[in-house]
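J.: As a plain string of letters, each chain reads:
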Amino acid sequence: MTVHRGRVRWHCRRALLELDLVFTRFLDDHFDQLTEEQLIDLEELLLTEDHDLWAMVNGSKPCTVPRWQELIRLLQIRT
Amino acid sequence: MNVAKRTFDAVIVGAGGAGLRAALQLSEAGLRTAVLTKVFPTRSHTVAAQGGVAASLGNTTEDNWHWHMYDTVKGSDWLGDQDAIEFMCRKANEVVVELEHYGMPFDRTDNGKIYQRPFGGHSMNYGQAPVMRSCAAADRTGHAMLHALYQRNVRANTQFFVEWMAMDLIRNDDGDVLGVTAMEMETGEVSIFHAKATIFATGGAGRIYYSSTNAFINTGDGVGMAARAGIPLEDMEFWQFHPTGVAGAGVLITEGVRGEGGILRNDAGERFMERYAPNLKDLASRDVVSRSMVTEINEGRGCGPDKDHVLLDITHLSPENIMKRLPGIREISIQFAGIDPIKAPIPVVPTCHYQMGGIPTNYRGQVVVPKDGNPNSPVVGFYAAGECACASVHGANRLGTNSLLDLLVFGKSAGETVVDDFKSGNLMLKPLPETAADVSLARIARLESQKNGESVHEVRLAMQRTMQKHAGVFRFDNLLKEGVQRILEVAERAKSTEIKDKSQVWNTARTEALELDNLIEVAKATMISAEARKESRGAHVRDDAPDTAERPNGRDDQNWLKHTLWYTAGNRLEYKPVNLKPMSADVEPIALAKRTY
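Order-wise, the sequence lines are chains C and B.
For the record, in the first sequence the residue sitting at position 38 is 38 according to our numbering, with numbers rising by one throughout.
Positions in the second sequence are counted from 1; adding 1000 to them yields our numbering.
None of these hints come from the bench; they were simulated from the model.
Be a bit skeptical, because a hint or two may be false.
[Stated by the list, open to error] In silico lysine-lysine, DSS-like type, Cα no more than 30 Å apart, as pairs: (1) B:Lys1469 - B:Lys1281; (2) B:Lys1534 - B:Lys1581; (3) C:Lys61 - B:Lys1343; (4) B:Lys1594 - B:Lys1281; (5) B:Lys1534 - B:Lys1481; (6) C:Lys61 - B:Lys1324.
[As the list claims (entries may be wrong)] Among chain C residues calculated to face chain B with C-beta under 8 Å, some are: (7) Arg7; (8) Arg9; (9) Trp10; (10) Leu21.
Backbone N, C-alpha and C fix where the C-beta goes; we use that ideal spot for every residue, glycine too.
Work out the full structure: start from the sequences and follow the hints.
T.: Structure (structure tokens):
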């Protein structure tokens, strides 16, 4: 499976401003360093509904998928 | 250049609530329907709508469409067209019950009916008391609505083109609309979507402002495309500002916070709303609270090092209460203001929230323009619904929960009109001009060859700061005049943006450049229309049009009870009358009055 970085980048455009702002930070600070494997995980994570994804990022719901946890941690970093 | 062509009965641009509702009408009638969308349908901004959808079901308190109509006309500050408002309020129950049958999980009363909650501006018996009119699915009404409509469309075989960006409207020499050009983001290739009917449902353009509650996808694509194709834009000076966006981020803090006891304070810690609205205080209507906040900031009583915001204080509420009743708000504040509202107040500013104006339509969803002396002549083959359209039901100010209703009613109505026109043989596939894709191809070619241009980010930021400073909550003649010059300068800069990434596949930089072309049209329309309107009405409030006995709230019905129409060619303005006559004889026109609550 090949993952196109541009496609994943576009999938970071969300329906909620909260997530757009979180992903702006993430794209600036972490996206270019992601491994191919992490990109595959991220693309999968991005299939999550916006409200659920936001809940995982803000910590009100736990992230129960182990391979997403590192990505959620990166999304949670506030500069 | 050879461009691939696809042919459909109808093409719909946008797959939020309005687009999906329109698509359903067409697909269920057997029309071959294509829906183009930049993002997966259930990731449209309709997802963010929390408050609910208005309908006078009367499940909890007595209610009827006459009262809803009165509230909407009054809310619009009499700029709404009363035929369209009657149509919307009468259709509300039908579209909500339909949605229930599609599987929408509305909250329920103990006896199994749709639960309804009160909402600002909605009343019983013509303003006598609050009414319970908003139908909601917890705080995820928009999300649930979008899912119900999407599933129904899948069942009806609607064909989705996901991650396709519509670029330009195609018209022939008669002005008829023949479809759109669109770019497939995966390949970067431009195609023609040739259709008998084209429906725009592309949402609003709240990203023209620096401080906005809107997601990044809200770039006014349909509005920009229509303007470039010579369609005028209606009432673009009217934007609703929500009082409490997190300063610097824009994320919305719901009115519920003030409902739970939140207090707005200035730099001296004063509860300043007591001076502006002695009765309702912090719970006064959105426009009143927003203007009061801006007055505090303008008069030097703002907070922070730049004195550019005020504070929303809930520290007097118990932590248990905050955690229980306002958990989402605490998370937003921690994430975007770096402040735990249990310990310190949240910095907030009035923030752009909703576009009342848009592509002019009638209540049947047909796009209408002035032609041969008729101010509302339908454009053959062109329809619009939802936030991108101006029917006009919201006039100068929208009531909460009327936006989800708008997209259901007018999405369906546009769909019904297309089906009717289709069945009566009024819609034909007209020959495409040879030049159908030229404009779009030229836009792409310009981006590929541009050198020494500014970045899209820089120009977009200049536009957003200009709009925020010159056409914000409170408007001043000198700032508006200067703003017109400034925004025209920014529009010139937008013509020579440069993108470094010239690749074809998933080039998000190019997508953002194309979006900026649309935003710029909306920004120009807003600034120029706002500068010209010399009164205060609804969300358009001028410092030089204050509240006087002769002109209540600064409103000047003698000269300004009319809709603005802005044309991009020459930035020309025209005006057309407001329709003060309801659709039927079942209701008397709602007579002009001062808007007080």
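J.: Mind listing which of the numbered hints don't hold for this structure, in increasing order?
T.: none
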